[in-house]
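Peer 1: From first to last, the protein sequence lines are chains E and D.
Its first residue numbered 3, the first sequence is counted upward by one per residue in my numbering.
Its first residue numbered 3, the second sequence is counted upward by one per residue in my numbering.
Warning: the hint list may mix true and false statements.
When chains are identical, the list treats them as one kind, so a pair holds in a single copy or across two.
Listed below are the simulated DSBU-like cross-link pairs for lysine-lysine, each with C-alpha atoms no more than 35 Å apart in a straight line [to be verified]: (1) K235 with K178; (2) K28 with K13; (3) K178 with K96.
Source of the hints: derived by calculation from the structure; they are not laboratory data.
Protein chains: 2
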Amino acid sequence: MKRQNSAPTMKDVAREAGVALGTVSKVVNGIPVGEAYRKKVEDAIEKLNYQVNSYAQGLKANKTCTVALLLPSTLNPFFAELAYYIDIALLKRKYRMLLCCTASDINAEQEYITMAQQNKVDGIIGLTYNPNLRIEESTPYVSIDRSLGPRIPCVASDNFAGGHLAAEKLADLGCKSVAFLRTGSSLSNEPNKRKAGFENGCLARHLNYELKIIDDGDPFQEFIDFLEMHYHKGRLDFDGLFCVNDELACRIIRVLQNMGLRVPEDVQVIGFDGAKGFGHGDYYCSTIVQPTAEIAEMCVELLLQGNMSVRPPLICLPVSYAAGGTTKDM
Amino acid sequence: MKRQNSAPTMKDVAREAGVALGTVSKVVNGIPVGEAYRKKVEDAIEKLNYQVNSYAQGLKANKTCTVALLLPSTLNPFFAELAYYIDIALLKRKYRMLLCCTASDINAEQEYITMAQQNKVDGIIGLTYNPNLRIEESTPYVSIDRSLGPRIPCVASDNFAGGHLAAEKLADLGCKSVAFLRTGSSLSNEPNKRKAGFENGCLARHLNYELKIIDDGDPFQEFIDFLEMHYHKGRLDFDGLFCVNDELACRIIRVLQNMGLRVPEDVQVIGFDGAKGFGHGDYYCSTIVQPTAEIAEMCVELLLQGNMSVRPPLICLPVSYAAGGTTKDM
């Protein structure tokens, strides 16, 4: 499309204010000048509606006021929520967000990291399961859900506490024999702690439990086989299931219904994430809710804070439980 | 966080290639030089892994390779899908996407438009219901779902055809008496054509129909009152409902179930959008599917095409029908 270049320049401001160009430059860049000069320049800026050219400023100050967010995609509601809240946290601080959906382009993540190293973005917030990512420790990077090294902060939910809470809830709701179902990346990551927390909670509450754990890419049929193996004469061996996320919980609920089992009457099901239909409707299922807004705020705060002498390697934020119709809470 | 500036510069490339700085500049900016020089510079660029500083280049070429996407939020799955596919379409063309969720900041939209006018972004793709937006016709802007003026292209689904298709489907599926339920912005917009298409389809297929139309912000209770008014002795006057989007359809289905009505046995329901749980699961309901990937591709193509002598004011892309369990298709 055709462009226009009628926006006022620093020269126009200098002419309007009746001062030297260098004086305008000092005021714009926050360098002290005499009060009367500062006032003249500020009045001229306001009168002309002069806007600082952030690209020119970026070159000088090594600051672009832009942060890149790397997410696999926005199709998953937890990722979409993260994008929304991180954008809000950045807007509040007058920063812009470059969003890169990395699932479609395996090289994109590394390109953004190069941009950050070259000061073309001020930093990166990334949720990635790319095993080959190369990030220097000096790169301004905050990771979500996966630790990428001791000097790169990682922000996550308190996944262990979430798994523990799920076991406690199932016990409180009368379950005697439960199972944990998990699919996910085989790479070391924070969400894996949901399993350990759940086991710990089951032991504390004397719940019988089994685990069925498969990797991303393994056939879903393995869960169906597992459930059918534990199905005898119209009854399931389990009266409670904890699924590693809400999406899996919803798929498992359909399997149970196809087997003729009622949720929550015969089997109670708890998921993880706190995803909501259409972003603000009901929870898909009873769930351990991730504090998405707080995760977003923490990532932005950590990334943009000046003093990086304190660089916490892992920050875990508290989760909560929400009833969503697939447990007997009422 | 601490920055490093170890990336090779144009000077390093000149030294490595044994040519003048101006020669490197010419090659980088696509200005012809002697073949032997070009080869030397390209070899040096590859050897040093020199990356063009896009901010410096942006200043010179009035090009930033960055496009801003303005969306109310990413919490609505249709918006989240748009963000995903627009990012893919931009990545394919080596562009980056600034995403701005405007629901939280009423001034953000206007600020991005100013950025586009100042060539700080190469253009804007916006889905907005802001009635006060000021956009000059020369601003590179493509609108989604709402026409902002004759010289600003608008891309949308063929909403009229979608409404028509919903009426036809309900007729095909045996409905005799139907209703259209709509909530949305009172501003003129493309999705409003769903109503006209539906009415047209009902007339063509001799379906009795009623309309219940409320504005954003009106109480949802009005829909409940409407349905209860049409409920006599355990039966609803309607055997088919078309809801303006999937979110409304899901809420209405719950109201029907609370009234003791079965979906689809007693009442068949069709929504609009083609939203899917968790982005890739099942449709929430039977639905008119918006071609989100095609809308995204069209917006990006229109915005970035060089020749804007052809500036179509409105482009409507074809929709399709998908069964989602709330109609008697099987």
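Peer 1: Each hint: holds or not?
Peer 2: Now for the hints, and whether the structure bears them out:
no.: 1; hint: K235 with K178; in the structure: within (19 Å within a copy, 44 Å between copies)
no.: 2; hint: K28 with K13; in the structure: both (13 Å within a copy, 28 Å between copies)
no.: 3; hint: K178 with K96; in the structure: neither (52 Å within a copy, 55 Å between copies)
This entry does not satisfy hint 3, going by the numbered hints stated previously; all others are met.
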